[in-house]
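A.B. asks: Now for the letters of each chain:
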Amino acid sequence: MAEKLRATPLLDELEKGPWPSFVTEMKKSAAKNPMANDQLGILEHSYRDKIGHWKHGGLVGVMGYGGGVIGRYSDLPEEYPECAEFHTIRVNQPAGWFYTSDVLRKLCDVWEKHGSGLTNMHGSTGDIILLGAKTEALEPVFSDLTEMGFDLGGSGSDVRTPSCCCGESRCEWACYDTMKFTHELTQHFQDELHRPAFPYKFKFKMAGCPNDCVASVARSDMSIIGTWRDNIQIDQKEVAAYVKNGLDIDADVTSRCPTGCIKWDGKALQIDNTNCVKCMHCINTMPKGLAPGKDRGATILLGAKAPIIGGALLASVLVPFYDMEDAEDIYELAEEIWDVWGEHGMNRERVGEFIQRIGLGNFLEQIGLEPEPEMVMHPRTNPYIFFELDEEG
Amino acid sequence: MAEKLRATPLLDELEKGPWPSFVTEMKKSAAKNPMANDQLGILEHSYRDKIGHWKHGGLVGVMGYGGGVIGRYSDLPEEYPECAEFHTIRVNQPAGWFYTSDVLRKLCDVWEKHGSGLTNMHGSTGDIILLGAKTEALEPVFSDLTEMGFDLGGSGSDVRTPSCCCGESRCEWACYDTMKFTHELTQHFQDELHRPAFPYKFKFKMAGCPNDCVASVARSDMSIIGTWRDNIQIDQKEVAAYVKNGLDIDADVTSRCPTGCIKWDGKALQIDNTNCVKCMHCINTMPKGLAPGKDRGATILLGAKAPIIGGALLASVLVPFYDMEDAEDIYELAEEIWDVWGEHGMNRERVGEFIQRIGLGNFLEQIGLEPEPEMVMHPRTNPYIFFELDEEG
Amino acid sequence: MSTPAPRKTDIGPPHYEQFLPEVIKKNYGKWKYHERPKPGVLLHVGHSGDKLWSVRAASARLMSIETLRLLADIADEFCDGHLRFTSRNNVEFLVVDESKVDPLIERLNKEGYPVGGTGPGITNIVHTQGWIHCHSAASDASGVVKSVMDELFPYYDGSKTLPAKLRIAFACCLNMCGAVHCSDIAILGVHRRAPVIKHDQLRGQCEIPSTVSACPTGAIRPTTVDGRETVEVIEEQCMFCANCYTVCPAMTLNDPVNDGLSIWVGGKVSNARSEPMFSKLAIPFLPNNPPRWPETVAAVKNIVEVYAKDARNYERVGEWIERIGWPKFFEMTEIEFTKYHIDDFKHAGETYKRSLHFRQK
Amino acid sequence: MSTPAPRKTDIGPPHYEQFLPEVIKKNYGKWKYHERPKPGVLLHVGHSGDKLWSVRAASARLMSIETLRLLADIADEFCDGHLRFTSRNNVEFLVVDESKVDPLIERLNKEGYPVGGTGPGITNIVHTQGWIHCHSAASDASGVVKSVMDELFPYYDGSKTLPAKLRIAFACCLNMCGAVHCSDIAILGVHRRAPVIKHDQLRGQCEIPSTVSACPTGAIRPTTVDGRETVEVIEEQCMFCANCYTVCPAMTLNDPVNDGLSIWVGGKVSNARSEPMFSKLAIPFLPNNPPRWPETVAAVKNIVEVYAKDARNYERVGEWIERIGWPKFFEMTEIEFTKYHIDDFKHAGETYKRSLHFRQK
Ligand code: SRM
Ligand code: SRM
Ligand code: SRM
Ligand code: SRM
Ligand code: SF4
Ligand code: SF4
Ligand code: SF4
Ligand code: SF4
Ligand code: SF4
Ligand code: SF4
Ligand code: SF4
Ligand code: SF4
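Line order of the protein sequences matches chains A, B, C and D.
Reminder that position 311 of the first sequence reads as 311 in our numbering, one-by-one numbering, no gaps.
Reminder that position 127 of the second sequence reads as 127 in our numbering, one-by-one numbering, no gaps.
Reminder that position 39 of the third sequence reads as 39 in our numbering, one-by-one numbering, no gaps.
Reminder that position 101 of the fourth sequence reads as 101 in our numbering, one-by-one numbering, no gaps.
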C-alpha cells in the first residue's frame with residue numbers, strides 16, 4: 001500500500017550530500033508503511049521543536065523472556081497514531097556479522113510483515129535492531145524469527161549479546177577463534193542472556209588481537225583479547241622489501257615501539273621479544289613481514305563501562321594469559337564472578353564498579369585467583385593497608 | 001658535671017660502622033647532661049621492648065606564641081625522671097642553612113645552659129631542632145635565642161618555617177633568589193607563623209630550578225620553583241668538549257629528553273625550545289655547556305602533603321609563570337588563598353585536599369585566577385559538568 | 001485450523017558458518033597478510049595463495065528493508081550473495097573474483113553507498129538512537145552523524161588521508177551507548193538544566209526513596225507539594241547526569257533551549273603504540289541546531305584539519321595531543337579553555353598537573 | 001638587680017647574609033658552572049673566575065652540641081668558619097683555598113664524619129624522630145638509618161657509584177614526616193593492630209564525636225563500657241592509619257609484636273627527565289628487629305644492588321622500573337607480589353592495568 005509521505009522540510013535537508021541518508025531510508029519505508037511514515041513525521045516534529053518525543057517504555061516483551069525488547073511510546077499519540085507504540089526488538093546477530101543474501105531477505109520478510117520496515121544494522125552492542133513494532137506484533141515476530149533460526153538478544157540486567165571481531169575468518173592476526181568462541185559462549189549462556197538476574201547488565205566482547213577492533217576494552221564487562229607469549233614471527237625479506245618500497249622504518253616503526261625493543265640495522269630487524277608489550281604496531285605497519293608469535297592465547301580483562309554513574313571505566317587485566325584451547329573454563333570463571341557480584345553487588349552496579357568498591361585484591365580472593373603484578377599499572381602509593389588480623393608478626 | 005652513663009648494650013651496637021653514630025652523639029651529651037643521659041636510657045628501654053615511650057604532648061610553649069614548641073612527656077617518669085618532660089623547640093634556621101662557627105657556638109651555649117645538649121641539624125621542615133627541654137626552660141631559651149637574633153619556627157595550624165635550596169648563593173641554575181625571597185617571606189608572615197589560625201598547617205618551600213633540591217613539590221602547601229621562558233643558553237664549544245671527553249650524548253642526553261626536542265648532529269646541539277619542558281636533564285648533564293634561559297621566574301604550585309588522611313599529594317600548578325621581580329604579590333596571593341581556605345576549609349584539611357574537594361575551577365574563581373590548560377594534565381574525561389544556570393543557551 | 005508449531009526459545013543465534021563464503025571456510029585461521037589495493041578495498045591473502053577482496057561501503061546504519069534487499073541483490077550479482085557488516089556499521093562485500101571489484105564499487109557508488117573507510121582516514125561514525133527512538137536523547141544522533149560525514153566525506157572515500165585512523169563516535173546522552181568515552185573525536189549530547197519534576201506523574205510511577213538515592217550528588221530530596229509527598233532538586237548540586245530520569249520518568253531533563261552537544265577528543269581503544277585512552281573534553285557546549293548542526297560540524301572539521309596538518313604518521317589524535325601538549329592543542333584549534341575543562345568529579349585531583357613539565361609560553 | 005630586657009618577639013630568623021663567606025657574596029647569582037672533582041666535593045666556578053670548594057660530610061642529624069662545636073672548630077681551621085647544612089642534613093664546609101680541601105677531608109674522616117654524598121650515589125637519609133622523641137612512632141628512625149647507611153656506605157663515600165642519584169627516606173609512621181612518599185627507596189614504620197582503647201584516659205582527654213569522626217573508614221563508633229560513654233573499634237574496618245590516635249591519645253596503636261617497617265620504591269621529586277612520582281609499595285611488612293634491623297637492611301641493599309646492575313645511566317629507580325615494568329621488578333628482586341600491593345584506597349581503580357601493554361611471561 002502506498003503512503004502519502006509526511007511533509008519533512010527540515011529532514012529533507014538531510015537527503016543532500018554524499019553520505020547515505022537515513023532520511024532517505026526512512027522515506028523508503030514510509031512510502032509503504034504507515035508506522036514508518038508517522039515515525040518520519042514525529043522526527044520532523046522533533047527537528048522543529050528540538051526535543052525528543054519518546055517516553056519511558058513500559059514492560060513489554062515476549063513470553064518467558066525478560067529481555068530483548070525495548071518498549072517505547074510516543075508523547076504525541078494523537079498526532080502520530082501509527083507509531084504511538086514503537087518498540088525495538090534486539091535480534092542476536094550471527095558471530096562476526098556475516099550474512100548471505102538469502103538470510104537477509106528472510107529477515108526483511110519477517111520485518112515487512114510485522115514491523116515498521118526500519119532496522120539498525122547493527123546496534124552498538126552488536127544486535128540486529130528491528131526498529132518499531134506494536135506490542136501485539138512482538139510474539140508473532142519472535143515466532144517467525146525462531147522459525148528461521150534467529151533468537152533475541154539481551155537487554156536489562158542480563159548477559160548482553162556477545163560480539164566479536166571477524167578474527168580468524170578474515171584476519172591474519174587473530175590469536176584465537178573469536179567467532180567460534182563467541183558463538184559457543186552465546187549458546188552456553190542462553191538462560192543468562194534471556195532472563196535478567198544480575199545486579200546490572202554484563203557484556204562480553206571478543207577481539208582476536210590487541211588492535212581490539214570491537215572496542216572490547218572500553219565496552220564490555222568481560223573483554224577477551226587475543227595475544228601471544230613467544231617471539232614475533234619475522235620474514236626478513238619482506239621487511240626489507242617494505243623498506244625498499246619507501247617505508248621510513250625508523251620514523252614510522254622502530255621509534256614508535258612503546259618499549260624501544262625493536263631495531264633496524266639497515267639490513268635486518270631485531271626484536272627483543274622479552275620487552276615486547278604486544279602492542280601490534282610493528283606488525284600493523286608490515287603485515288607481510290611480521291606476524292604474532294605461535295604460542296597464542298588471550299588476556300582476559302574485566303569491568304569496562306560507560307560513565308553512569310561513577311565515571312567511565314576501561315577494563316582491567318584479570319588473567320594476563322589464558323590458553324584459549326581450554327576456552328570452556330572461561331564459562332566457570334564467568335559464573336564464579338557472577339556469584340560473587342550477584343551476592344554482594346548493589347543494584348545498578350556494574351562489575352567494574354563493584355571491583356573498585358570491594359578492592360581488586362579482595363575480589364581475586366573471592367573468585368579464587370592469585371594476585372599478579374600484571375594486573376596493576378603499579379603497586380599502591382598510599383600506606384593504608386588492611387593487614388589481616390590473624391597475621392601476627 | 002660528669003654523668004655515669006646509662007648502660008646501653010643494644011644501642012652500643014650502633015656505635016659500630018662507618019656512618020656517624022647518633023648513639024655516640026647521645027653519649028657525648030649524656031656524659032655531661034643528666035637529661036640526655038636519661039634520654040639515652042629510655043631509648044635503650046625502647047630498643048629492649050620494641051615500643052616508644054613518649055606520650056602526647058600537652059599545651060606547652062612560650063608566651064604569646066601558639067607554635068614552635070612540641071610538648072613531650074615520657075610514660076616512664078619514675079625510671080627516667082630527668083627526661084620526664086622532654087619538649088622540642090623549633091628554631092627558625094637562617095635561609096639556606098648557612099652558619100658561621102661563631103653563631104653555631106652561641107647556639108650551643110644557649111642549649112648547654114637550658115636543655116639536653118641534643119639537636120637535630122635540621123628538622124624535616126627545615127628548623128633547627130633543640131631536642132629536650134623542661135617546661136620551665138622554655139621562656140629562658142626563648143629569651144636567650146631572641147637576644148642573639150633567632151626566633152622560633154612554626155608548629156600547629158600555622159605557616160610553617162619556610163625553607164629553600166641554596167639557590168643563587170651557590171648554584172648556577174637558580175632562576176630566582178630563593179634565599180632572599182624566603183627570608184623576606186618569613187619576616188613578612190611572622191604573625192601567621194607564630195599564631196596558628198588556619199584550618200591546618202601551611203608550608204612554603206622554595207627551589208631555584210626544576211631540580212627542586214628542597215623537595216618542595218612533595219612537601220609544601222605552596223611550592224615556588226624557578227624556571228625560564230626563553231631559550232636554553234648553549235656554549236657549543238663546551239658541549240663539544242663534553243662529547244670529546246667521553247659523554248655519550250645520544251644515550252645519556254638527547255634520547256633522554258622527555259619531548260625529544262634536543263638533537264646532536266655530531267657537531268652542534270640544536271634545541272627546539274618551544275618544545276622544551278624545562279626538565280633540566282640536558283643542563284644537568286653538561287653544566288659547562290648549557291644553562292637555563294635569561295627570562296627567568298618561577299612556577300607556583302599548590303597543595304603537596306603527606307598522606308593523612310586522604311592520601312599523599314604532589315603540588316599542582318597554580319601560576320604557570322610568575323615573574324619573581326614582583327615577588328611581593330605572592331604575599332597577596334597567599335593571603336587570598338588563606339581567606340578562602342580559612343573560611344571554607346574543614347578542620348585538619350590541608351589546602352591541597354580543600355582544592356580537590358571544592359574543585360580547582362571553583363577555587364580559581366574564588367581567588368580570582370583564570371583557568372589555564374597548563375594547570376591540568378589533561379581536560380576532564382567524565383561528562384559531569386556543573387553548567388552554570390544563568391548560562392541559558 | 002492448523003495446530004501451532006511448538007514454541008521455540010533459547011535457540012541462540014544461527015551458526016555463522018552457514019553464512020561464510022567458501023574462500024573463508026577454506027582459509028579460516030590461515031590468512032597470511034593483507035593489503036589495501038585502493039580506498040575501501042582490503043585484499044586478504046591466505047597461506048594457500050587464495051585471495052579475498054573485501055569492498056567496504058558506507059551505510060547510514062538506519063536502514064530500510066528496501067535497502068537491505070538492494071544490498072542482497074548486489075551481493076548476489078558480485079559475490080555469490082556474501083556480505084558482512086563491520087563493528088562500525090559499514091557493509092563489506094566479500095569478493096573472490098578480482099574482476100568484479102571495480103564494477104561493484106561503481107555500482108555501490110551509484111546506488112548512494114559509497115566505498116571507503118579503510119586505512120588512515122575516517123570511517124563510519126558509531127552512534128546511537130537520538131530522537132529516532134530514545135527517551136533520553138539530548139540531541140538527534142543520525143542527523144548530526146549525517147551532517148558530519150557529509151563534510152568529512154573526502155576522508156572516507158580516500159580523496160584525503162590522515163596521519164592515522166581517526167574514529168568518531170556519537171552518543172545522544174551521558175549514558176554513552178555510542179561508547180564515545182574512547183574515541184579520537186566524540187560528540188556527546190548534554191543536558192544543562194536540572195530535572196523539571198512532573199509531580200503528578202511521579203506519584204504514580206516512581207518510588208521516592210529510589211529516586212532520591214539515584215542522585216550521585218545528593219541533589220534530590222523528599223518534600224511535599226500541595227500536601228502530597230514528592231521530591232525536589234537543589235539545582236546548584238545538579239550535574240545533569242539524568243540518572244534520576246532513568247529511575248523515574250517524572251524527572252524530565254529534555255529542554256529545547258539548553259540541550260545541545262559537547263565535543264571530546266583524544267580517546268582510543270587499540271593497544272597500538274600507546275595504551276587505550278579516554279576521550280577528553282574539548283568543547284563543553286554547542287547548540288542543537290537542526291537539521292545540520294553547523295556549529296558542531298565546523299568544530300569537528302576544525303579539529304580534524306588541525307590534526308591532519310600537525311600530526312605525524314601513525315599518530316592517533318590522542319597521541320598527537322600528548323606529544324604537543326594540551327595547551328598547544330587549545331592554542332592551535334583556537335578553542336577556549338574554561339573552568340568546565342578542569343575535572344571536578346571523583347578523581348579530579350589525579351588530573352591536575354603536578355610537575356613543571358609543560359611548555360612555557 | 002638588673003631590669004629585664006624588653007621581651008623580643010616576631011623578629012624572625014637572622015639574615016643569612018651575615019653568615020655567607022666573601023666568595024659567595026661576591027659571586028651571588030653569578031655562578032657559571034660546577035664540577036665534582038672528587039667524591040664529596042663540589043667545585044663551583046663563578047663568571048668572575050672565583051672558585052668555591054664545598055666539602056660535604058656525613059652527619060647523624062641528631063647531634064650533640066659537642067659535635068657542633070667540633071665542626072665549628074674545623075670550619076675555623078679550614079675555611080674561615082664558614083659551613084652550611086644541606087636539605088638532606090649533610091654538613092658542607094665552604095673552602096676557598098684549594099690546598100685545604102684534602103687536609104679537611106682527612107680531618108673529617110678522622111673525626112668520624114666521612115665525606116661523600118655527591119653525584120650519582122646515595123646521600124644522607126632524610127628521617128624523623130622515631131623512639132627518640134615521637135609518640136606515634138611504629139619504629140625507631142635513627143637506628144634504622146644508621147644500620148642502612150653503614151651497609152650502603154660505599155655508595156656514599158664514592159667507592160661505588162650508581163646509575164643516578166638514589167634518595168632514601170625514612171618515616172616512623174604514616175604521618176610521613178620524612179616525606180617518604182616521593183623517594184627512590186623509602187622505609188616506613190607501620191602499625192598493624194587496631195587501636196587499643198584506654199577507656200579511662202579517653203573519658204578525661206578526648207571528645208567522643210571528634211574521635212569518631214577522625215576515622216576515615218568509619219571504624220570507630222560510640223558505645224558504653226561499664227555504663228560510661230566511650231568508643232569501640234570495628235577491627236576489620238581499621239587500616240591502622242592512627243588518625244584517631246592523633247586526635248585522641250587514648251587510642252593507642254603502638255605494639256611490640258605487630259609494629260614494623262614497610263619498603264617503598266620508585267619515587268622522585270626532581271623534574272629531571274620524568275615528572276615527580278610517588279613511591280610505590282615493594283614490601284608490606286618487615287619486623288622491628290633492633291638494634292640493627294637486619295631484614296630491613298638486607299631488603300634495601302637487595303633493591304639497590306639489583307637496580308645498580310640493571311639500570312641505565314641517569315635512570316632513577318622509578319624510571320628504571322617504569323622501563324622494565326613492575327612484574328620484572330618483582331621477579332628480579334625476588335620480592336613476593338601480594339594482595340596488599342594492589343591499591344584499595346580512594347583512587348585504587350586508577351592503578352589497575354587497563355591495557356595489554358605488559359610483557360608476557
Ligand atoms: C540501542 C543502543 C544504542 C544504539 O543505537 O545502538 C542502546 C540504547 C539504549 N541504551 Fe545503551 N544502547 C546500546 C549500546 C550501549 C553501549 C555500547 C555497547 O554495548 O558496546 C553502551 C556503553 C557500554 C556499556 O555497557 O557501558 C551503553 C550504555 C548504556 C547505559 C550506561 C551504562 C553504564 O553502566 O554506564 C545505559 C543506562 C542504563 O543502563 O540505565 C543505557 C541505556 C540504554 C537505553 C535502554 C535507555 C535507558 O535509559 O533505558 C537505550 C534504549 C534506546 C532505545 O530506545 O532503543 N545504555 N549502551 C545499543 C544497544 C543495541 C544492541 O543491542 O546492539
Ligand atoms: C620534627 C619533625 C620530624 C623530624 O624529625 O624532622 C616532625 C615531627 C612531627 N610531625 Fe611532622 N614533622 C616534621 C616534618 C614533617 C614533614 C616534612 C616537611 O615539612 O617537609 C611532613 C610531610 C609534609 C607535609 O606537611 O605533609 C610532616 C607531616 C606530618 C603529618 C601529616 C600531615 C598530613 O597532612 O598528611 C602529621 C600529622 C598531623 O599533622 O597531625 C605530622 C605530625 C607531627 C608530630 C607533631 C606528631 C603529631 O602527631 O602531633 C611530630 C612531632 C614529633 C616530635 O615529637 O618532635 N607531621 N611532618 C619535622 C619538623 C621539623 C622541623 O620543624 O623542621
Ligand atoms: C572490519 C573491522 C573488524 C570487524 O570485525 O568488523 C576491522 C578490520 C581491520 N582492522 Fe580494525 N577493524 C574494525 C574496527 C576497528 C576498531 C573498532 C572501532 O573503531 O570502534 C579499532 C579500534 C579503534 C581505536 O583504537 O579507537 C580498530 C583498530 C585497528 C588497528 C589499530 C589502529 C591504531 O593505530 O590505533 C589496526 C591496525 C592498523 O590499522 O594498522 C586495525 C587493522 C585492521 C585490519 C587491517 C585487520 C586485518 O588484517 O584484516 C582490518 C582492516 C582495517 C582497515 O579498515 O583499514 N584495526 N579497528 C572493523 C572495521 C570498522 C569499520 O567499518 O571501519
Ligand atoms: C646541596 C643541595 C641543595 C641544598 O640547598 O641543600 C643540592 C645541591 C645540588 N644539587 Fe640537588 N641538592 C640537594 C638536594 C636535592 C634534592 C632533595 C632531596 O634529595 O630530598 C633533590 C630531589 C631528589 C629527587 O628527585 O627525589 C635534588 C635533585 C637534584 C638533581 C636531579 C637529579 C635527577 O636526575 O633526578 C640534580 C641534577 C644532577 O644531579 O645532575 C641536582 C644537582 C645539584 C647540584 C649539582 C646543583 C649545583 O649546580 O650546585 C648540587 C650538587 C649535587 C650533588 O650533590 O651531586 N640536584 N637535589 C642538596 C644536597 C642534599 C644532600 O646533602 O645530599
Ligand atoms: S582485533 Fe585483531 S584479529 Fe580482530 S579483526 Fe582486528 S586486527 Fe584482526
Ligand atoms: S608489537 Fe609493539 S611492543 Fe612489540 S616489538 Fe612491535 S612495536 Fe614493539
Ligand atoms: S633546586 Fe636548582 S637552583 Fe636550587 S640548588 Fe638545586 S639545582 Fe640549584
Ligand atoms: S631541559 Fe629537558 S626538556 Fe628541555 S631540552 Fe633539555 S632535556 Fe629536553
Ligand atoms: S546514548 Fe542515551 S539517548 Fe542515546 S540511545 Fe543511549 S540511552 Fe538513549
Ligand atoms: S540529573 Fe543527576 S545530578 Fe541532577 S538531580 Fe538527577 S540524578 Fe541528580
Ligand atoms: S613520622 Fe610519625 S612517628 Fe615519625 S616523627 Fe612524624 S609523626 Fe612522629
Ligand atoms: S587507626 Fe585509622 S582506621 Fe583504624 S580506627 Fe583509628 S582512625 Fe580508624
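By construction, these hints were calculated from the structure, which means they are not laboratory data.
Each residue gets a CB set at the ideal place from its N, CA and C atoms; glycine is no exception.
Please note: incorrect hints may appear among the correct ones.
For lysine-lysine, the following DSS-like pairs were computed, each having C-alpha atoms within a straight-line distance of at most 25 Å [to be verified]:
id: 1; chain 1: A; residue 1: 4; chain 2: A; residue 2: 32
id: 2; chain 1: A; residue 1: 294; chain 2: C; residue 2: 32
id: 3; chain 1: B; residue 1: 201; chain 2: B; residue 2: 263
id: 4; chain 1: A; residue 1: 134; chain 2: C; residue 2: 8
id: 5; chain 1: B; residue 1: 263; chain 2: C; residue 2: 309
id: 6; chain 1: D; residue 1: 51; chain 2: D; residue 2: 8
id: 7; chain 1: C; residue 1: 160; chain 2: C; residue 2: 110
id: 8; chain 1: D; residue 1: 198; chain 2: B; residue 2: 28
id: 9; chain 1: D; residue 1: 346; chain 2: B; residue 2: 288
id: 10; chain 1: C; residue 1: 346; chain 2: D; residue 2: 38
id: 11; chain 1: D; residue 1: 361; chain 2: B; residue 2: 288
id: 12; chain 1: C; residue 1: 165; chain 2: A; residue 2: 288
id: 13; chain 1: C; residue 1: 165; chain 2: C; residue 2: 301
To list a few chain A residues with every Cβ distance to chain B over 10 Å, as calculated [what the hints assert, rightly or not]:
id: 14; residue: 13
id: 15; residue: 63
id: 16; residue: 232
id: 17; residue: 254
id: 18; residue: 268
id: 19; residue: 358
id: 20; residue: 359
A.B. asks: Give a verdict on every hint.
C.D. replies: Here is how each hint holds up against the structure:
1. The suggested pairing of residue 4(A) with residue 32(A) holds, with an alpha-carbon distance near 9 Å, which does not exceed 25 Å.
2. A threshold of 25 Å between alpha carbons decides the hint, and for residue 294(A) with residue 32(C) the separation of about 13 Å falls inside it, so the pair holds.
3. Taking the CA atoms of residue 201(B) and residue 263(B), the gap is about 45 Å. The hint is violated against a cut of 25 Å.
4. Proposed proximity of residue 134(A) and residue 8(C) is supported: the alpha carbons are some 21 Å apart, at most 25 Å.
5. At roughly 23 Å between alpha-carbon atoms, residue 263(B) and residue 309(C) fall within 25 Å of each other, so this suggested pair holds.
6. Between residue 51(D) and residue 8(D), the direct Cα distance comes to roughly 40 Å. Violation of the 25 Å bound is thereby established for this hinted pair.
7. With a C-alpha separation of about 20 Å, the suggested pair residue 160(C) and residue 110(C) falls inside the 25 Å cut-off, and the hint holds.
8. Using a Cα cut-off of 25 Å, the hinted pair residue 198(D) and residue 28(B) is violated, with the two alpha carbons roughly 38 Å apart.
9. Taken as a hint, the residue 346(D) and residue 288(B) pair is broken in the structure, with Cα atoms around 46 Å apart against an allowance of 25 Å.
10. The suggested pairing of residue 346(C) with residue 38(D) is violated, with an alpha-carbon distance near 51 Å, which exceeds 25 Å.
11. Annotation: proposed proximity of residue 361(D) to residue 288(B) is violated, straight-line Cα distance about 45 Å (limit 25 Å).
12. For a cut-off of 25 Å, the pair hint linking residue 165(C) to residue 288(A) stands: about 20 Å separates their Cα positions.
13. Only pairs whose Cα atoms come within 25 Å are accepted, and residue 165(C) paired with residue 301(C) is accepted, the gap being roughly 15 Å.
14. Look at residue 13(A): its CB is around 22 Å from the nearest CB on chain B, clear of 10 Å, so calling it non-interface holds up.
15. With a closest Cβ-Cβ approach of about 38 Å to chain B, residue 63(A) is found to remain outside the 10 Å limit, as its non-interface label requires.
16. With a least CB separation of 23 Å from chain B, residue 232(A) remains clear of the 10 Å interface cut-off, as annotated.
17. The non-interface label for residue 254(A) is consistent with chain B: the shortest C-beta to C-beta separation is roughly 13 Å, beyond 10 Å.
18. With a least beta-carbon separation of about 21 Å from chain B, residue 268(A) lies farther than 10 Å from that chain, consistent with its non-interface assignment.
19. Listed as outside the interface, residue 358(A) is consistent with that label: its C-beta sits roughly 19 Å from the nearest C-beta of chain B, beyond the 10 Å cut-off.
20. No beta-carbon of chain B comes within 10 Å of the beta-carbon of residue 359(A); the shortest separation is about 15 Å.
Of the numbered hints listed earlier, those contradicted by the structure are 3, 6, 8, 9, 10 and 11.
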